[in-house]
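Chain by chain, the residues run as shown.
Number of protein chains: 2
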Amino acid sequence: MLTYNFEDRDCPIYEYVYKCVKNDILSGRLKPGEKLPSKRSFANNNGISTITIQNAYDQLISEGYVYTLPKKGYYVSNIEGMANPAQTPLDVDYDIEIPQKKQYKIDFSGNEFSAENFPFSVWTKISREVMTEKKEELMNVAPVCGVNELREAIARHLRSFRGMMVDPNQIIIGAGTEYLYGLITELLGNDKIYTIENPGYKKLAMIYRQREITCKYAAMDEQGVTGASLENVKTDVAHICPNHHFPTGITMPASRRYEILSWANAREGRYVIEDDYDSEFRTEGKPIPTLFSIDGCEKVIYMNTFSKSLSPTIRISYMVLPVKLVRRFYQNMSFYSCTVSNFEQYTLAEFIMRGYFEKHINRMRLYYIRKRKRIIETIKQSILSDKCEIIENDSGLHFLVKLKTDFPDSKIENELEKRKIRIRALSDYYFEKNEEREHFFIINYSNIEAEEIGPFLETIEKVLSEN
Amino acid sequence: MLTYNFEDRDCPIYEYVYKCVKNDILSGRLKPGEKLPSKRSFANNNGISTITIQNAYDQLISEGYVYTLPKKGYYVSNIEGMANPAQTPLDVDYDIEIPQKKQYKIDFSGNEFSAENFPFSVWTKISREVMTEKKEELMNVAPVCGVNELREAIARHLRSFRGMMVDPNQIIIGAGTEYLYGLITELLGNDKIYTIENPGYKKLAMIYRQREITCKYAAMDEQGVTGASLENVKTDVAHICPNHHFPTGITMPASRRYEILSWANAREGRYVIEDDYDSEFRTEGKPIPTLFSIDGCEKVIYMNTFSKSLSPTIRISYMVLPVKLVRRFYQNMSFYSCTVSNFEQYTLAEFIMRGYFEKHINRMRLYYIRKRKRIIETIKQSILSDKCEIIENDSGLHFLVKLKTDFPDSKIENELEKRKIRIRALSDYYFEKNEEREHFFIINYSNIEAEEIGPFLETIEKVLSEN
Numbered sequence: 001m002l003t004y005n006f007e008d009r010d011c012p013i014y015e016y017v018y019k020c021v022k023n024d025i026l027s028g029r030l031k032p033g034e035k036l037p038s039k040r041s042f043a044n045n046n047g048i049s050t051i052t053i054q055n056a057y058d059q060l061i062s063e064g065y066v067y068t069l070p071k072k073g074y075y076v077s078n079i080e081g082m083a084n085p086a087q088t089p090l091d092v093d094y095d096i097e098i099p100q101k102k103q104y105k106i107d108f109s110g111n112e113f114s115a116e117n118f119p120f121s122v123w124t125k126i127s128r129e130v131m132t133e134k135k136e137e138l139m140n141v142a143p144v145c146g147v148n149e150l151r152e153a154i155a156r157h158l159r160s161f162r163g164m165m166v167d168p169n170q171i172i173i174g175a176g177t178e179y180l181y182g183l184i185t186e187l188l189g190n191d192k193i194y195t196i197e198n199p200g201y202k203k204l205a206m207i208y209r210q211r212e213i214t215c216k217y218a219a220m221d222e223q224g225v226t227g228a229s230l231e232n233v234k235t236d237v238a239h240i241c242p243n244h245h246f247p248t249g250i251t252m253p254a255s256r257r258y259e260i261l262s263w264a265n266a267r268e269g270r271y272v273i274e275d276d277y278d279s280e281f282r283t284e285g286k287p288i289p290t291l292f293s294i295d296g297c298e299k300v301i302y303m304n305t306f307s308k309s310l311s312p313t314i315r316i317s318y319m320v321l322p323v324k325l326v327r328r329f330y331q332n333m334s335f336y337s338c339t340v341s342n343f344e345q346y347t348l349a350e351f352i353m354r355g356y357f358e359k360h361i362n363r364m365r366l367y368y369i370r371k372r373k374r375i376i377e378t379i380k381q382s383i384l385s386d387k388c389e390i391i392e393n394d395s396g397l398h399f400l401v402k403l404k405t406d407f408p409d410s411k412i413e414n415e416l417e418k419r420k421i422r423i424r425a426l427s428d429y430y431f432e433k434n435e436e437r438e439h440f441f442i443i444n445y446s447n448i449e450a451e452e453i454g455p456f457l458e459t460i461e462k463v464l465s466e467n
Numbered sequence: 001m002l003t004y005n006f007e008d009r010d011c012p013i014y015e016y017v018y019k020c021v022k023n024d025i026l027s028g029r030l031k032p033g034e035k036l037p038s039k040r041s042f043a044n045n046n047g048i049s050t051i052t053i054q055n056a057y058d059q060l061i062s063e064g065y066v067y068t069l070p071k072k073g074y075y076v077s078n079i080e081g082m083a084n085p086a087q088t089p090l091d092v093d094y095d096i097e098i099p100q101k102k103q104y105k106i107d108f109s110g111n112e113f114s115a116e117n118f119p120f121s122v123w124t125k126i127s128r129e130v131m132t133e134k135k136e137e138l139m140n141v142a143p144v145c146g147v148n149e150l151r152e153a154i155a156r157h158l159r160s161f162r163g164m165m166v167d168p169n170q171i172i173i174g175a176g177t178e179y180l181y182g183l184i185t186e187l188l189g190n191d192k193i194y195t196i197e198n199p200g201y202k203k204l205a206m207i208y209r210q211r212e213i214t215c216k217y218a219a220m221d222e223q224g225v226t227g228a229s230l231e232n233v234k235t236d237v238a239h240i241c242p243n244h245h246f247p248t249g250i251t252m253p254a255s256r257r258y259e260i261l262s263w264a265n266a267r268e269g270r271y272v273i274e275d276d277y278d279s280e281f282r283t284e285g286k287p288i289p290t291l292f293s294i295d296g297c298e299k300v301i302y303m304n305t306f307s308k309s310l311s312p313t314i315r316i317s318y319m320v321l322p323v324k325l326v327r328r329f330y331q332n333m334s335f336y337s338c339t340v341s342n343f344e345q346y347t348l349a350e351f352i353m354r355g356y357f358e359k360h361i362n363r364m365r366l367y368y369i370r371k372r373k374r375i376i377e378t379i380k381q382s383i384l385s386d387k388c389e390i391i392e393n394d395s396g397l398h399f400l401v402k403l404k405t406d407f408p409d410s411k412i413e414n415e416l417e418k419r420k421i422r423i424r425a426l427s428d429y430y431f432e433k434n435e436e437r438e439h440f441f442i443i444n445y446s447n448i449e450a451e452e453i454g455p456f457l458e459t460i461e462k463v464l465s466e467n
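For the record, the sequence lines run as chains Y and E. All residue numbers for the first sequence refer to the working numbering, where the first residue is 1 and numbers rise by one. All residue numbers for the second sequence refer to the working numbering, where the first residue is 1 and numbers rise by one.
With the rest of the complex left out, here is chain Y (with noise of 0.2 Å):
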């Protein structure tokens, strides 16, 4: 039973049984896990109050030396390096597995950059000034939307990259496109049903079905999604990547465009939700108008990212909603928060307007182009050449190889799986199995060196020619 001396106490009663006990512990008379007295005979010993003694041990939780367990009482918690707690093990460890992404010697599905394509002096720069210049902007809470100056600087981006006459206030900013698929299914009602091209972006689906929303495939044939394809599925908001498709690589020709507008106008309440997710990267193709542009009649939500332009671990996207509905959005959802820091829109906002986005695309762009074209001529020059067709739909950031091979997909991703390569086939796109389909695969090389194809293809060229 702990006893202490209250006689030559300096502080209130409460103060001292917890300094004393503090001791006890730091210095080691009492150990880890020890129980301590119940409050009641602790009190009763020293001659005290009960409330004395709660105080204390309160006092003892909230700063780490003791721990509670219901219906059982007080323990001495493990305060080894306590005073510096950065070093103290955090004794739990409940096995909880956190799925992680593997790891691969070659990875063409992954969308990363190396450290070296991000911008970080100038970013460095920009931010440590904003932080010292914008002190005040920095605490003001920014609208549902996000701050004025960022949703400024890319409507002006829009204008001149894409051609796009935006009002900076049809703009909203939030932390990742799926975030911004959530504030979209929420304007425009859970029960309505939202179709994904097939093959498409099969985490879209996953999305939908998370929050039990219906959602449905629409057939493309080689121009991309029909409007009869639309109209077979009775959808009301079809998600589509008309501009470079993924993982297709098709352009939508403008002639099918209006194709999918007239569907959206067909009825009240459709609408197309236009992902342009690479845009900054396709200039070899001809550059056709977002159907954001050439719509009419409020019915094209248009959406981009930066994070194949900066970093997707920068968390900053985007979405231009026609008038009509922006305005419903302010009238019904203005109560949320901007999910993006004040912090990072002030600094992208800037990185922008002083042009550096501008110049950082630029070289991005030469450094794929150039990366692209030793990857397609190392495929030509070798043992592959001829066992493979090269298919180059546009720009952007992929192309698709066709492999001449009668394997199935899965065997060929497997045995490249086994050899530390992660590749994706086409056909993992497509929602149901599509033998005419197979044998293409996906060369996103965003993330891969040039020098990594050599041996990639040599690997490939093993595979075809072992089993």
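Just so you know, these hints were derived from the structure itself, not from any lab. From a predicted model like this one, the values you see are computed outputs, not experimental measurements. Accuracy of the hints is not assured; some may be wrong.
If chains are identical, the list can't say which one is meant, so a pair holds when it fits in one copy or spans any two.
PhoX-like cross-link-like pairs, simulated, lysine-lysine; straight-line CA separation at most 25 Å [unchecked claim]:
1) K373 / K462
2) K462 / K411
3) K135 / K359
4) K411 / K203
Add chain E to chain Y, keeping to what the hints say.
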């Protein structure tokens, strides 16, 4: 027709064409809106290939000098001031109104910070260091729960400040608590019934309504929500602030906490969301262990934010899930991306691990305690002192003042509003009219200066005696 002299060129033909046309646009020889020759006729006219013209036009388009209309051709853009696009007006203004915060002279409802209360110098220093030393980590996509370093830092903070023993993998980081509520409803199900306290945080009800999720209100007594009131509304998930209720300031005593846990345990699928939004500033009252800490049956989701302790504009919140739920979370929802930028996650992690967060909190706590004391003294010494009663249930960042008046709360709010003072009444936080709870006003002093209290009291006095 455009004709250029190709003899003196010092670059590839396409680049030369590009430069010539660009110069003509910049000089005004080619006017905005003017149609450019078709590729074929331009090429024939100058005796060069169509491809060359195509490349030149593409370059002009990508830089915004030229735009294209489908099936019509190429046109000169309006490039007025384009050398410095930031200075050109955007030319699009649809008169879309973004709901703006009103500006007040004194605002007791805000949760913003004055810039001098944000640790700018340390934050800037650490963020620069992070950008210099952690380039690779900054570019690696974080798992859905956030970067490991920050979750580890938060686990340590929770241990030392809240006596909570938490595995870092139980912590999910997100861009604001609103976003995390969305994850919770996806995790537990949209079909569940969610309940918030009455009085309580109305924004939560708006979020649930917006997502078409059933939201009910549970009555409180002087110890907080009761098990009976939760039974009464037949809810599945109870959202409560047991540690410092907003707006009443009630701290739920331990016995009531066990009652709530007992309610949760009585049926499968019941959960409690414990919102600990301003825990860092509640040191005067007795620190009662969190519901999460005394929950032995994995029924409590703990929720906290850096909005109060750092800034609401930084958009970092987190929740701690019980082991069973966090496993389900990773199983079903790990395809999501974390919504907080790596840059800020690493900066905050370092900020906590190096002890700056603790120092900052201590400094702010002292600042708030002093401010609170000064405000209360000012009230007590003021002309209003015998017309009001101060109700301090706990420390934290607000307390209540009961005015001795017969005026309805709305009248007082409106009269003050006219005088550019914003204050909220307790009755505003009830979901139905409750006359018994009239005349209590919330003095949330985080965003006001102690000196502003004098003029505020005089204004109130004037309002009370005027009519």
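Legend entry - Violating hint indices (sorted, rising): Hints that this structure does not satisfy do not exist here, as all of them hold.
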